[in-house]
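Protein chains: 2
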Amino acid sequence: MPHDCTFLADTLDEEQVSLGDDDRDSHAGDWGTPEEDRVRPDAVCWPESTADVSAVLAAANDRDVPVTPYAAGTGIEGNALPARGGVSMDLTRMDRVLDVRPEDFQIDVEPGVLGGTLNDAVAEHGLFLPPLPQSADISTIGGMIATDASGAKTVKYGEVHDWVLELEAVLADGTVIETGSKAKKTSSGYNLKDVLVGSEGTLGVVTRATFELERQPEQIRGGRAVFATLDDAATAIAATMQAGCDVATIELLDQVSTKIADAYSGTDLPDAPTVFLEFHANHGIDAEIEACREIFDEHGVERFEMAAGTEMDELWAARRDLANALLAYDPPRRPAKPGDVTVPISQYPDLVRYAKTLGEEHVLDVPCFGHAGDGNVHYNVLVDPNDPEELEAGREISDAVVERAIEMGGTSTGEHGVGRGKRSYMIAEHGEGTVDAMRAIKRTLDPNATLNPGKIFPAADDERL
Amino acid sequence: MPHDCTFLADTLDEEQVSLGDDDRDSHAGDWGTPEEDRVRPDAVCWPESTADVSAVLAAANDRDVPVTPYAAGTGIEGNALPARGGVSMDLTRMDRVLDVRPEDFQIDVEPGVLGGTLNDAVAEHGLFLPPLPQSADISTIGGMIATDASGAKTVKYGEVHDWVLELEAVLADGTVIETGSKAKKTSSGYNLKDVLVGSEGTLGVVTRATFELERQPEQIRGGRAVFATLDDAATAIAATMQAGCDVATIELLDQVSTKIADAYSGTDLPDAPTVFLEFHANHGIDAEIEACREIFDEHGVERFEMAAGTEMDELWAARRDLANALLAYDPPRRPAKPGDVTVPISQYPDLVRYAKTLGEEHVLDVPCFGHAGDGNVHYNVLVDPNDPEELEAGREISDAVVERAIEMGGTSTGEHGVGRGKRSYMIAEHGEGTVDAMRAIKRTLDPNATLNPGKIFPAADDERL
Chain A
1 MPHDCTFLAD TLDEEQVSLG DDDRDSHAGD WGTPEEDRVR PDAVCWPEST ADVSAVLAAA
61 NDRDVPVTPY AAGTGIEGNA LPARGGVSMD LTRMDRVLDV RPEDFQIDVE PGVLGGTLND
121 AVAEHGLFLP PLPQSADIST IGGMIATDAS GAKTVKYGEV HDWVLELEAV LADGTVIETG
181 SKAKKTSSGY NLKDVLVGSE GTLGVVTRAT FELERQPEQI RGGRAVFATL DDAATAIAAT
241 MQAGCDVATI ELLDQVSTKI ADAYSGTDLP DAPTVFLEFH ANHGIDAEIE ACREIFDEHG
301 VERFEMAAGT EMDELWAARR DLANALLAYD PPRRPAKPGD VTVPISQYPD LVRYAKTLGE
361 EHVLDVPCFG HAGDGNVHYN VLVDPNDPEE LEAGREISDA VVERAIEMGG TSTGEHGVGR
421 GKRSYMIAEH GEGTVDAMRA IKRTLDPNAT LNPGKIFPAA DDERL
Chain B
1001 MPHDCTFLAD TLDEEQVSLG DDDRDSHAGD WGTPEEDRVR PDAVCWPEST ADVSAVLAAA
1061 NDRDVPVTPY AAGTGIEGNA LPARGGVSMD LTRMDRVLDV RPEDFQIDVE PGVLGGTLND
1121 AVAEHGLFLP PLPQSADIST IGGMIATDAS GAKTVKYGEV HDWVLELEAV LADGTVIETG
1181 SKAKKTSSGY NLKDVLVGSE GTLGVVTRAT FELERQPEQI RGGRAVFATL DDAATAIAAT
1241 MQAGCDVATI ELLDQVSTKI ADAYSGTDLP DAPTVFLEFH ANHGIDAEIE ACREIFDEHG
1301 VERFEMAAGT EMDELWAARR DLANALLAYD PPRRPAKPGD VTVPISQYPD LVRYAKTLGE
1361 EHVLDVPCFG HAGDGNVHYN VLVDPNDPEE LEAGREISDA VVERAIEMGG TSTGEHGVGR
1421 GKRSYMIAEH GEGTVDAMRA IKRTLDPNAT LNPGKIFPAA DDERL
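Same order as they appear, the protein sequences are chains A and B. The opening position of the first sequence corresponds to residue 1 in this note's numbering, with each subsequent residue numbered one higher. The opening position of the second sequence corresponds to residue 1001 in this note's numbering, with each subsequent residue numbered one higher.
Where hints are given, some of them may not hold.
Claimed, not checked - Derived pair list, reagent style DMTMM-like, types lysine to aspartate or glutamate, alpha-carbon separation capped at 25 Å: (1) K156(A) to E218(A); (2) K156(A) to E1278(B); (3) K1156(B) to E305(A); (4) K1156(B) to E311(A); (5) K1156(B) to D246(A); (6) K259(A) to D271(A); (7) K156(A) to E1212(B); (8) K259(A) to D330(A); (9) K156(A) to D1108(B); (10) K1156(B) to E218(A); (11) K1259(B) to E1314(B); (12) K156(A) to E1103(B); (13) K1259(B) to E1166(B); (14) K1156(B) to D108(A); (15) K156(A) to E311(A); (16) K156(A) to D1286(B); (17) K259(A) to E314(A); (18) K1156(B) to D1350(B); (19) K1156(B) to E1103(B); (20) K156(A) to E1218(B); (21) K1156(B) to D162(A); (22) K1156(B) to E212(A); (23) K156(A) to D108(A); (24) K156(A) to E305(A); (25) K156(A) to E212(A); (26) K259(A) to D286(A); (27) K1156(B) to E166(A); (28) K259(A) to E361(A); (29) K156(A) to E1124(B); (30) K1156(B) to D286(A); (31) K156(A) to E1360(B); (32) K156(A) to E1166(B); (33) K1156(B) to E278(A).
I should point out that these hints are in silico values taken from the structure, not numbers from a laboratory.
Hey, can you work out the whole structure from these sequences and the hints?
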């Protein structure tokens, strides 16, 4: 039953609204949505200001028309899929850098600004925004805020929410609010800012964000380490973190991930578990590198090579392209329910071992890579979607890995968000009472379930959320 | 109209409940509550477990009896004052360190554990919890979570909420929830953890907290710098932060604050604006100190002295005792509406100048000190509470400083919380719509306004909150 979206014509200019099939198709899912799960919105709109966002939401909310915010579409969990149709609100035209205040290490941006664009805007001041994901050059700040994204440098610098100082957002009924402060710290009232961050557009649409920035380090060194076994590599990484070693990036690629990267990116990675490293410091970077090398030595590292100059750039590009490389590796096989579970670092080697063992039991490739220093595993079970048995095995393995991560005190999603894909784990991870409290907040801020319905909350619980 | 609290006898053991005058008196306010503002609770109870907290809240909520959590009573804004009587719930008997996991840099504690006790428990592992306030040795972790406290090392390490991984909390109706994750990062559902942190016991009572810890730095150096004028000192501090200098602590004491410290602590501070410094590093600490010294030189520093060994300990103790020293300095004068406004660092010199100028205009001492690197000013207008004119001038100056801080993009409270003292600034700081959204969350999670009523929200708005 399509929603009547003709009200958009009264709210926005003609070129800001489309009911056309092409536009509806291109907003029917995100990067991670399988063909069969796509849902076309009834209309797409492109607000160009906070006032536009407010007007559309107020009108849609009055008419019981769902609105699902959409940005670059680089999400993995169906976060931006318009599950109940209605309006897909595309924020990519709100892409202005509004103000840079280098004297306060701050920048104000609209949500459609790409992560790379933001960093370009502050580079001349010797500043950068550290927590951005691998997809920063094609993903928007708004999307990163929506999922509380993080990335390769999170191990040293934290997640997106750690760097958001202030947000302007529009609630479901069109009310514009401002949360947080431009002060570095505040204890003033409820921290609504950090509820909005990571709420995946279900509580409000962010229309402006103020970020704190970091000074670029005076010393940066990259390198890689090669291990004989995956277990050695995972254990060495855990030991490095437990020693308090100050790494800016510590990424694991298992053996099959190095093959997949080579096949796609034309690199020549060793056919062995490999750790990518980056160190940031203002002083004494060599001492930190040596501390890491010693720990890796104790865990049987075979090669520990620090790069000179830009040698690592090609490898980082290959790492960044891994998500696409997975699709191209062994067609028609593709990842079944990929994930980004995260566990306390002491549990990390066991979790990696568990995922790999499940793969061996089912004779399926389960490439594991990711932001290892955070205890974050990106696992992907490669299956032929046309082979029901493989597909089922892929789902089973994925479920088992998430369940094990939760048992270990970890989380079903370290950075991609819940979207549609991880809803079924919410009760197991948080408990009924906690999910009820989340639901209460959703209902009080968005009583009509206007904003991005069908996400985060377990599917069967309440058809309206 | 007193509340009938006899239900407590059915809920807890005899030695966990008191209706006695002494106990009620000792829970009638906090450190910052003037005599005339104190409110005695009808009863005091001491839960010893999560189950106790849950049972008391469920019973009180059923009976419309307010419950105000109480810890060490070291708050400054009346945060723990039982504004509508009822039960003062004293958490100090829940003071167990539950688990230390050095392999994950984590500790689980009950809310009544003192900050100093926590740090003692992890010191043997070479770890510490960095964001604690000056009062850490006499304040509880639960109180620090309630206000999202911060302290002298926040400039490098962040606030309390940055270090809380997971919280167990009891909601107003007795429901026990768990929020956050033991994973270093998560994007799973709404961030209820960071709504509870800083909510001053108005949304739930925290019964267990998991903190992330930091490795103790290999190098620590303390020192002090003396300036001819306050403006030089404030400008030098701002310039140091703007240069990205890696200080672990950078505290300002204006001239009158050094006098007050000397009078109380018997120290021999220079009769001049003084900056206390601490540097933390694993390598190259001297280079960082030199970078700071150069900037201070450019801003006319008169003396820049780094301490050897424990020379700074006495000075830090004097800094820690400043709050008590203010009371003893010029009796019967005492601070009128003290504050902890915080602004972007570029505004910091102007804010300090503004506060001092107002003091000069009214011929009143306005000692200013605090966590300068965060843009945080602790201002105190010293007035004779029996002199209506001075008292009024003190309130005027305090109001003007807060209003100016908000105009500068800052916050009415950087670390003490809103409590009763800063409620009147909430609309000016956040706007009506944002305060409405906070109120909606309060009403949905605590519909009977059982938990710590009369705090955070503007007084006249809703007698029930």
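Now for the hints, and whether the structure bears them out:
1. K156(A) to E218(A): Distance ~15 Å between K156(A) and E218(A) Cα, so the pair holds.
2. K156(A) to E1278(B): Status holds; Cα separation ~21 Å.
3. K1156(B) to E305(A): Since the Cα atoms of K1156(B) and E305(A) sit roughly 31 Å apart, the hinted pair is violated (cutoff 25 Å).
4. K1156(B) to E311(A): violated, 32 Å
5. K1156(B) to D246(A): holds, 15 Å
6. K259(A) to D271(A): holds, 7 Å
7. K156(A) to E1212(B): holds, 14 Å
8. K259(A) to D330(A): holds, 11 Å
9. K156(A) to D1108(B): Given pair K156(A), D1108(B) holds - Cα atoms ~23 Å apart, limit 25 Å.
10. K1156(B) to E218(A): holds, 17 Å
11. K1259(B) to E1314(B): holds, 15 Å
12. K156(A) to E1103(B): holds, 17 Å
13. K1259(B) to E1166(B): violated, 43 Å
14. K1156(B) to D108(A): holds, 23 Å
15. K156(A) to E311(A): holds, 22 Å
16. K156(A) to D1286(B): holds, 22 Å
17. K259(A) to E314(A): holds, 15 Å
18. K1156(B) to D1350(B): holds, 23 Å
19. K1156(B) to E1103(B): holds, 23 Å
20. K156(A) to E1218(B): holds, 17 Å
21. K1156(B) to D162(A): Distance ~13 Å between K1156(B) and D162(A) Cα, so the pair holds.
22. K1156(B) to E212(A): Holds: K1156(B) and E212(A) sit about 14 Å apart, inside 25 Å.
23. K156(A) to D108(A): holds, 23 Å
24. K156(A) to E305(A): holds, 21 Å
25. K156(A) to E212(A): Roughly 15 Å between the alpha carbons, so the hint for K156(A) and E212(A) holds.
26. K259(A) to D286(A): violated, 31 Å
27. K1156(B) to E166(A): Given that 25 Å is the threshold and the Cα spacing comes to 20 Å, the pair holds.
28. K259(A) to E361(A): holds, 21 Å
29. K156(A) to E1124(B): Answer holds: K156(A) to E1124(B) is near 24 Å, not above 25 Å.
30. K1156(B) to D286(A): holds, 22 Å
31. K156(A) to E1360(B): With Cα atoms ~46 Å apart, K156(A) and E1360(B) exceed 25 Å; violated.
32. K156(A) to E1166(B): holds, 20 Å
33. K1156(B) to E278(A): Status holds; Cα separation ~21 Å.
Going through the hint list in order, the structure does not satisfy hints 3, 4, 13, 26, 31.
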